[in-house]
Amino acid sequence: MVEFLIRRILWMIPVIIAVAAVTFFLMYRAPGGPWDREKPLPTPVRATLDAKFGLDKPLWINPDEFGERWDAGDRNPFYLGQGFFDSRFFSYMSNVFRGDLGPSYASKGAESVQEVIAKKFPVSLKIGAVALVFSVLVGIPLGVLGALHQNSWIDYVTRVISTFGVAVPSFISGLLILLFLTRRMGYSPMRDPSEWKGFGVAFLLPGIILGLGTMSYMARLTRSSMIEIKRQDFVRTARAKGLTNSMVVNRHVIRNALIPVVTVLGPAAADLVTGSIIIENIYGAPGLGEEFVSSIAKRDYSVIMGTAIFYALLVAAANVLVDITYGLVDPRIRLDN
Amino acid sequence: MPTTLDAITETNSLRTVELQPGRTREARSLWSDAWRQFRRNKLAVIGGIYLIFLLFVALLAPAIAPQNPIKGDVKVAGKYRQAAWVETDNPKTTGSWDYPLGTDGNGRDVFSRLVYGTRISLVVGFIPMIVIMIIGVPIGLISGFSGGKVDNLLMRLTDVVYAFPSLLFFIIMQISLGETPFGKVLNGLVLLFVTLSIINWTGVARLVRGETLSLREKEFVEAARASGSSNARLIFRHILPNSLGPLIIASAFIVPGAIISEAVLSYLGIGLRPSVNLDAPFPTSWGQMIQAGGAQYRNQPWLLIAPSVAVALITLAFNFVGDGLRDALDPREQV
Chain X
1 MVEFLIRRIL
11 WMIPVIIAVA
21 AVTFFLMYRA
31 PGGPWDREKP
41 LPTPVRATLD
51 AKFGLDKPLW
61 INPDEFGERW
71 DAGDRNPFYL
81 GQGFFDSRFF
91 SYMSNVFRGD
101 LGPSYASKGA
111 ESVQEVIAKK
121 FPVSLKIGAV
131 ALVFSVLVGI
141 PLGVLGALHQ
151 NSWIDYVTRV
161 ISTFGVAVPS
171 FISGLLILLF
181 LTRRMGYSPM
191 RDPSEWKGFG
201 VAFLLPGIIL
211 GLGTMSYMAR
221 LTRSSMIEIK
231 RQDFVRTARA
241 KGLTNSMVVN
251 RHVIRNALIP
261 VVTVLGPAAA
271 DLVTGSIIIE
281 NIYGAPGLGE
291 EFVSSIAKRD
301 YSVIMGTAIF
311 YALLVAAANV
321 LVDITYGLVD
331 PRIRLDN
Chain F
1001 MPTTLDAITE
1011 TNSLRTVELQ
1021 PGRTREARSL
1031 WSDAWRQFRR
1041 NKLAVIGGIY
1051 LIFLLFVALL
1061 APAIAPQNPI
1071 KGDVKVAGKY
1081 RQAAWVETDN
1091 PKTTGSWDYP
1101 LGTDGNGRDV
1111 FSRLVYGTRI
1121 SLVVGFIPMI
1131 VIMIIGVPIG
1141 LISGFSGGKV
1151 DNLLMRLTDV
1161 VYAFPSLLFF
1171 IIMQISLGET
1181 PFGKVLNGLV
1191 LLFVTLSIIN
1201 WTGVARLVRG
1211 ETLSLREKEF
1221 VEAARASGSS
1231 NARLIFRHIL
1241 PNSLGPLIIA
1251 SAFIVPGAII
1261 SEAVLSYLGI
1271 GLRPSVNLDA
1281 PFPTSWGQMI
1291 QAGGAQYRNQ
1301 PWLLIAPSVA
1311 VALITLAFNF
1321 VGDGLRDALD
1331 PREQV
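Residue numbers (our numbering), protein chains in the order written: chain X, 1 to 337; chain F, 1001 to 1335.
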């Protein structure tokens, strides 16, 4: 188990390197730069900015620097190697592993990307948390109800809701619900920035809409899992030995039926926290997703890269957690291979 | 949230047929059995009919659309004309059945654009699905069949690709390649195909690998091997055909995923490029319409409602069909 965990955690390193490398080279290809304005910046200003952010260095290796140091008579392999790898890519990567995602170009370096993330991510996290709580508190009871009253009208309604919820993306339902609220209920998506501080009602609507899909998925999963467990021999035994219906359901059926549901919580949580990009955009929530979208327009490439790496790390960590919970919730699963 | 793919991967089902003593029934193939089962699912049949209907709409778009989807005449059509059943005092914006769902800011007919948008949705759903299969199936087959180092290598590669947060990666791909000559081919349609296929093959590769791993130990494969079948024959005659069921189910869920991704990317303004060519075969997409509608829904709600409902309906239809296929082809998995 411990060995498995260590291996899983170490495995995150190449994953993050790959994500960082691919995003780096893709973003390098992107047209235009962070200094592009309506009026082009004067060349000297540009050069100063480039030098300040290391954008004047070669892309991924620096043979010139190596040559200069060599010609200067230096033979220290570490010093020479440092010169050879004194490039944008390698300095970016080494900074990433030190937790430094570089300066945000749009702020002209006044703010680092990790500061932007630290400032914006809590909003996304709260929206994700609302979504997760909503999907658990509504989805699981819906599924249980549906399974206990199989083929009744409750079951039917539950299934219709969950079918729609799973199929229709939150992006579409979010837009349509917003349209309905603004036109019929006089709701305004414009909010005072202070409402996004702390934990206010502002998070409810985007959170619930973000959670619709997961809620429906959980309802479906709970229902089918309950129905499967209800037919098991141990449930029949429990009834045969005279347990009341509520005892059978509470102690035997629900507990066992929730195993698959618990195991999807981890990926669901990661999905909800990283999946709010469009919902934040629609509801004007100043979270990391919204920051990511606005960075596209601002060509703030360092924020785009940093956010992608941050999210990849988050997803990778969530996957490790999921593997742990699998083992904890269901002792039948062994984590050796 | 685990995708349906993950759920499918776990089971590999062999259909058991209950024989009733004293009665024989006509021989039925697995596929005709599946078809019977599928037909019993009303929602799946409705979904299937709707998709066939959309296919015809896409093919016959020029005949169905009442107006040109790209050229709008503000003087005649009016800016932000309301839907046909909405009456206003202004003759320029009151509803007219010439423009069933009203017009947009350029006087273009929303209904005609919607009809043409069907084309992109179908193309953008199906082509990435095919590419995903072309990449994922061989990787899964090779990985599962050969095992050992090859398997390890391919699966590590799959793991790395799987770790990419997909929507973020789509966005990065679109930003970085959207302005290149390659990104401009067919208004960016080709780039979009690449973007939507380049990471999502991992689910298929894992699915096929799982199927292959369990199938290659089955008696019938062993028997075929013992009777001298080559590896290629084992793969193409025995393993691949027996994994087709889960693959078909998976593809029914990949298509709507790609359609939604296109809509999201276009909503962000980094999907397809707007077409200016008057007789372009793919003038607009529902995602682009949602983008325009999202900005102008106060002026003309149907700019937003029409494409959103269209996307919702097509994803619902694919989900119904997918659920029906799963019931029909994989009776043990009933999520």
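Hints are supplied without guarantee of correctness; some may be wrong.
[Said to hold, decoys possible] Rough simulated footprint, nothing fancy, chain X against chain F, three-plus residues with beta-carbon under 8 Å:
1. 1034-1041
2. 1257-1265
3. 1301-1311
[Said to hold, decoys possible] So, partial list: chain X residues that the calculated Cβ filter (under 8 Å) puts toward chain F:
4. PHE234
5. VAL235
6. GLY242
7. LEU243
8. MET247
No wet-lab data here; the hints were simulated from the structure.
Note that CB positions come from ideal geometry on N, CA and C, so glycine has one too.
Outcome of the hint check:
| no. | hint | verdict |
| --- | --- | --- |
| 1 | 1034-1041 | violated (count 0) |
| 2 | 1257-1265 | holds (count 3) |
| 3 | 1301-1311 | holds (count 6) |
| 4 | PHE234 | 20 Å, violated |
| 5 | VAL235 | 18 Å, violated |
| 6 | GLY242 | 31 Å, violated |
| 7 | LEU243 | 27 Å, violated |
| 8 | MET247 | 27 Å, violated |
Going down the numbered hints, you'll see the structure goes against 1, 4, 5, 6, 7, 8, while the others check out.
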